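Protein chains: 2
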Amino acid sequence: MLSSNRRKLLDVFRAADGKLVSGQEIADALECSRTAVWKHIEELKKAGFEIEAKRGSGYSIQPSEELFTEEMLYFRAKTEFIGQQVAFYKEVASTQIIAHQLVGEGAVDGTVVIADQQTAGKGRLARPWDSQKGTGIWMSTILRPNIPMQQVPQLTFIASLAVAEAIDNVTGLDAQIKWPNDLYIDKRKVCGVLTEMQAEAERVHAIIIGTGINVNQLEFPEELRDKATSLAILAGKTISRGALYGEIVVQLEKYYQLFLDQGFAPIKLLWEARAIPFQEKIVAKTLQGEIRGTVKGISDEGVLIVRDAVGVEHAIFSADISLG
Amino acid sequence: MLSSNRRKLLDVFRAADGKLVSGQEIADALECSRTAVWKHIEELKKAGFEIEAKRGSGYSIQPSEELFTEEMLYFRAKTEFIGQQVAFYKEVASTQIIAHQLVGEGAVDGTVVIADQQTAGKGRLARPWDSQKGTGIWMSTILRPNIPMQQVPQLTFIASLAVAEAIDNVTGLDAQIKWPNDLYIDKRKVCGVLTEMQAEAERVHAIIIGTGINVNQLEFPEELRDKATSLAILAGKTISRGALYGEIVVQLEKYYQLFLDQGFAPIKLLWEARAIPFQEKIVAKTLQGEIRGTVKGISDEGVLIVRDAVGVEHAIFSADISLG
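Sequence lines, in order, name chains A and B.
Everything in the first sequence is counted per UniProt numbering, starting at 1 for the first residue and increasing by one.
Everything in the second sequence is counted per UniProt numbering, starting at 1 for the first residue and increasing by one.
Treat each hint with caution, since some may be false.
Claimed, not checked - Using 25 Å as the maximum straight-line C-alpha spacing, the simulated SDA-like pairs for lysine to any residue come out as follows: (1) K285(A) to H205(B); (2) K133(A) to G106(B); (3) K178(A) to G106(B); (4) K189(A) to V204(A); (5) K227(A) to G106(B).
As the list claims (entries may be wrong) - Heads up, incomplete: computed chain A residues facing chain B, CB under 8 Å, no partners named: (6) Q101; (7) R124; (8) M149; (9) V152; (10) P153; (11) T195; (12) E196; (13) M197; (14) Q198; (15) A201; (16) H314; (17) F317.
Keep in mind that the hints were calculated from the coordinates and are not lab data.
As the structure is a computational prediction, the values presented were derived from the model and not from experiment.
Glycine included, each C-beta is placed from N, C-alpha and C at the ideal position.
With these hints in hand, go ahead and build the complete structure from the sequences.
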């Protein structure tokens, strides 16, 4: 975790939004001498920040496209609480496992765990998730809303909505949501969302939203090639993971706040507008068998409503969906 | 965790149930020489086991009443899976926190975390739980049933039923259950059960049942004196925590297996028979206000049904109950 001084220094530059900050402003914020300011700036440079110094007027930081460190991720998060505590790892088994541990240790609302590589990344229903080094955004966000257990699936929709919008804003690509938790572009998967919780029988302690995004992979393992792709392949250029991360936490906080203020209704409308087009024929593979039909929408509990050929509506709690 | 050899050695004595075991039987089980058997027996003695050796016929172990160690707890657990993996700590913040971490690391069904002292024991709704050194049973049991989230509260009833029966069997005291999670004897609390879970929006990964039992305290802090008591105070003698633990895991496995085989219906009947007498007037303090009436029963979701003075039935999901 970042030192208090480092946080204050980054706060000053983050608030300036790329504009010049005078040495005196920094000295005031850190309650230190001008000489100490110079040392702090040198340390930031060593940490990989590109700092422009203008004699007599101050310093400015342009976020480095490449840099993907705890400090840069903190600097990128222009939010009130999501990402204001960030734990970055070069390599972990799974950010979800770390997040579960941090919940036990009392991690605050909005804490983000993020890794450059996962050796045992996991998807929905304990499936493995491919998370190669340096190519994607593998993150887990801890939220502590005061909601009953039954509403927890709604957080999956908030997260997929937020990530879809962040992808659009940063890359210009149009991400669509496939119920319950995947983002697709051009019929290939670019992102999965996994919502887990720790709860008592009566009360939710914490929700952990895992988000895996394929950003800069240029190749996929044989068995994924038809199903998965990356933003870089689709956009034809490298995408800054830092910039995308910064946009994700902003969008996530925006929609989460909307949910806390106004409930699930507005989220549901926005989500449905981004969902893979309704009226299309789908096949839902459930534990009980296959259901074929057209998607009518989602319920307030996040259940998928499918109408079959003879007009019967089915409520689907858990399934794999494919276009039929 | 115990070494494989130590487990095998304890398995042999556990199966013998206090009867003599020949040196050859031990040598066969551990695939070792008779000289090595002698060394193993010496090590068990050092670990605090009371071993009787009969020249020419073998060894026997009588469980020591006092001994409360990982090895003795393993030796006490005459079960198929609950307690067959046991992690014992002299002191932890909370066994629930450790259990959550072990779930992340893939702990198997039936793993027990147990401590001689908790420095930050927790009760329901994040309330602190007093757990002085060496006086109680503070344990967390990890279960991995394949059930939907809605059924998780049922595990609280299984656990309180099992612990009540174990207390009866070991001490002769008559423990009654107060919805949702407390055991009372003579109108004072002796045990609390806390059911937590890790789950996906669609799927339960693990349920962690925390159980705190006041066994050998002779005094309680001022503020608890009217509300809490211990089995030793009630029985007028020291109770073997090891013996009680051994009975708890047996009863817990029995009722959990009954639940897996036959569902919640038989558990519900047994639970209601042990519940603080129905027809008595109670006050339920909920977040929405107070409800006064008589308890009619529990629903399949673990909801308490209370009928008020004018005959209206209330479904209570979360409340503090007192006799009115």
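Going straight from one Cα to the other, do K133(A) and G106(B) come out at no more than 25 Å? Cα-Cα ~24 Å, so holds.
With a cut-off of 8 Å on the beta carbons, see whether M149(A) makes it to chain B. Hint holds; M149(A) Cβ to chain B Cβ min 6 Å, cut 8 Å.
Does the nearest C-beta of chain B fall within a distance shorter than 8 Å of the C-beta of Q198(A)? Given a least distance of 6 Å, the restraint on Q198(A) holds.
When the least beta-carbon distance from V152(A) to chain B is tested against 8 Å, hint result: holds (6 Å)
Pairwise hint evaluation, V204(A) against K189(A), where the allowed Cα distance is 25 Å at most: violated (30 Å)
Mind checking the CB of R124(A) against every CB in chain B and telling me if the closest is under 8 Å? holds (7 Å)
Does Q101(A) meet its interface restraint, that is, does its C-beta lie within less than 8 Å of any C-beta in chain B? Holds: closest Cβ of chain B sits about 6 Å from Q101(A), inside 8 Å.
Is the straight-line distance between the alpha-carbon of K285(A) and that of H205(B) 25 Å or less? holds (21 Å)
Between K227(A) and G106(B), is the straight-line Cα distance small enough, at 25 Å or below? With Cα atoms ~29 Å apart, K227(A) and G106(B) exceed 25 Å; violated.
Interface restraint verdict for H314(A) against chain B (beta-carbon cut-off 8 Å): violated (16 Å)
Would you check whether T195(A) satisfies its interface hint, that is, whether its CB is within less than 8 Å of any CB in chain B? holds (5 Å)
Hey, does the M197(A) contact hint survive, CB to chain B under 8 Å? Holds - the Cβ of M197(A) comes within 8 Å of chain B, reaching about 6 Å at its closest.
Checked against the numbered hints given earlier, the structure breaks hints 3, 4, 5 and 16 and satisfies all the rest.
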